[in-house]
Structures are given as structure tokens and as C-alpha cells.
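There are 2 protein chains.
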Amino acid sequence: MKHLLIVAHGSRRQASNDEVRQLADKIRLKTDNQFDDVSCAFLELAEPSIPEGIELCVENGASNVTVMPYFLSAGRHVVTDIPEEIEKANIDREKIKVSIAPYLGSIESIADLMIEKASQFVNSNT
Amino acid sequence: MKHLLIVAHGSRRQASNDEVRQLADKIRLKTDNQFDDVSCAFLELAEPSIPEGIELCVENGASNVTVMPYFLSAGRHVVTDIPEEIEKANIDREKIKVSIAPYLGSIESIADLMIEKASQFVNSNT
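Protein chains in written order, with this note's numbering: chain A, 351 to 476; chain B, 351 to 476.
Bound-form chain A, shown alone:
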């Protein structure tokens, strides 16, 4: 089974963490056959942590976990911290494959999304 784990920074502001949880719920409802489950985890300040999040995927049957960083730039968190946290997961590495998908900010079509939204906004606002 393939699971998608959205990893966000985590915030002291619970509403921000809940936005990420709602995003994971939305993606779970929208994904077709690509992923059997979708959940989220946090680098810090919220739960589950990244190792806990991966372990939960595996407890729920995942043999393949794709971690997607919900981050806008390839800073230390994306380059160093997330890979380190993934290593801490207490799972059988011979049976469970964990890989890191491109981080959100690197997705080419984000520019198109922003143009579309900004255009809608400016048209409804002028």
C-alpha cells in the first residue's frame, strides 16, 4: 500500500496546524488510486512528529511512504531536517520504502495557480 505523508513545519498557532490537517483530508478525498491513504506530520511544534507519522502509515498498512514537504523553499528544513527526521522512524527499512517528493515551492505550476487566483481576485475587485 502506498501512503502520502504531507510534512509541514508546525506552528504554535493551532489553526495553522489544522489547516494542514484539513489539506491532508482534502487530498485524501481527491486522490484516486495513486495513494491508499494520505496523512500529515509536523517537523516541530505539532503532532504527530515525522517519525511518528511514518510509523502510523506503516501501522496502517503502508509498504511505500511518499513524504511531500509542504514548504516553499529549499532551506535547512527541507534539505537537512526532514531527511534526518525520516531516518528516526522505527520501521523495517528492508520492507518499507520511504522517499521524499519535491517540496511544494518547487512545483513548476505554482506560478500558473498564482496567476489564475490573482486574476480572479483583481477582476472581482475592480
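The hints are simulated quantities; they were obtained by calculation from the structure and are not laboratory data. One thing to keep in mind: the hints can contain errors.
Copies of the same chain look alike in the list, so a pair counts if it works inside one copy or between any two.
Claimed, not checked - Derived SDA-like pairs: lysine to any residue, alpha-carbon spacing no greater than 25 Å straight-line:
1) K376 with R443
2) K445 with A424
3) K447 with E466
4) K447 with M351
5) K376 with E444
6) K376 with N473
7) K376 with G411
8) K376 with E466
Once you have looked at the hints, place chain B on chain A.
Coordinates of chain B only, in the frame set by chain A:
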């Protein structure tokens, strides 16, 4: 003239700021008639600041500036700091309209974008 100003947090890491500048360049090239120019500004740690960024838009002919926060959650920065910084711009408010578009993380179709990218990734990786 309508300008789009992408506002990011700003980072001590110059490469992160440059990612935002490149995104603004990409959006400028992709936008059709909706915006006459596209630029970026930073809440802190990088230049131009938000007031400077707005003043630059106006110097370049903008009569309408749409600020789009390049942020993932509606935390203090989006709710309080960006509006406060916008107020500091030294412009003629009777002639220049400045408005704030929805922040990136609030765009509904981000979920679709993430599914698409994660699916591509997992297909090319398994």
C-alpha cells in the same frame, strides 16, 4: 496600470529570496493582460521591503497594486504584519488602489497540484 506584488517572508538564506524573485519573473512572463508588471517584496530579512515594493510599483506606473502573500497559513504575518506594512507605503491613497489577494495556502487547487506532483513522483520512483 495593474501590478502584482508577490510578498514573501524573506530569509537569511539568499537562495530562498532568489527563489521568490525567480517566481515573480516567471509569473511576469506568464501573465497575459491581467497585470502590466509583476514584482516581489519581503516582510523582513530581504529587499525590497513591502512599502518599498509598493512605492516601486507606483514609480513604474501602477495605479492598482495587488499584493499576494506567498505564505502557507493565515498566521500573524498574513493577518497583521502584511496589512501594517502596506499602510507604511508612501503613496497617494486617493489615486493608488492597493488590495490584498488570498494568500497562497488558501488557494483551493493547491491540493490538486500536490496530488498531481506526488503521483508523478511515485510513478517515476517505483
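Evaluation of the provided hints:
1. Taking the closest pair of Cα atoms, K376 and R443 never come within 25 Å of each other, the shortest separation being 29 Å inside a single copy and 40 Å across copies.
2. In this assembly of identical chains, K445 and A424 lie within 25 Å of each other by CA distance neither inside one copy nor across copies; the values are 29 Å within and 39 Å between.
3. Taking identical chains as interchangeable, the C-alpha atoms of K447 and E466 lie at most 25 Å apart only when they sit on different chains, with a minimum of 20 Å there against 36 Å within one chain.
4. Taking identical chains as interchangeable, the C-alpha atoms of K447 and M351 lie at most 25 Å apart only when both belong to the same chain, with a minimum of 11 Å there against 52 Å between chains.
5. In the homo-oligomer, the alpha carbons of K376 and E444 never lie at most 25 Å apart, since the shortest distance is 31 Å inside one protomer and 42 Å across protomers.
6. When the C-alpha separation of K376 and N473 is checked against a cutoff of 25 Å, the pair qualifies only between copies, where the shortest distance is 21 Å, while the shortest distance within a copy is 27 Å.
7. Taking the closest pair of Cα atoms, K376 and G411 come within 25 Å of each other only inside a single copy of the chain (21 Å); across copies the shortest separation is 41 Å, beyond that limit.
8. For the homomeric pair K376 and E466, the shortest alpha-carbon distances inside one copy (21 Å) and between copies (14 Å) are both at most 25 Å.
In summary, the structure is inconsistent with hints 1, 2, 5 from the numbered list given earlier, while agreeing with the others.
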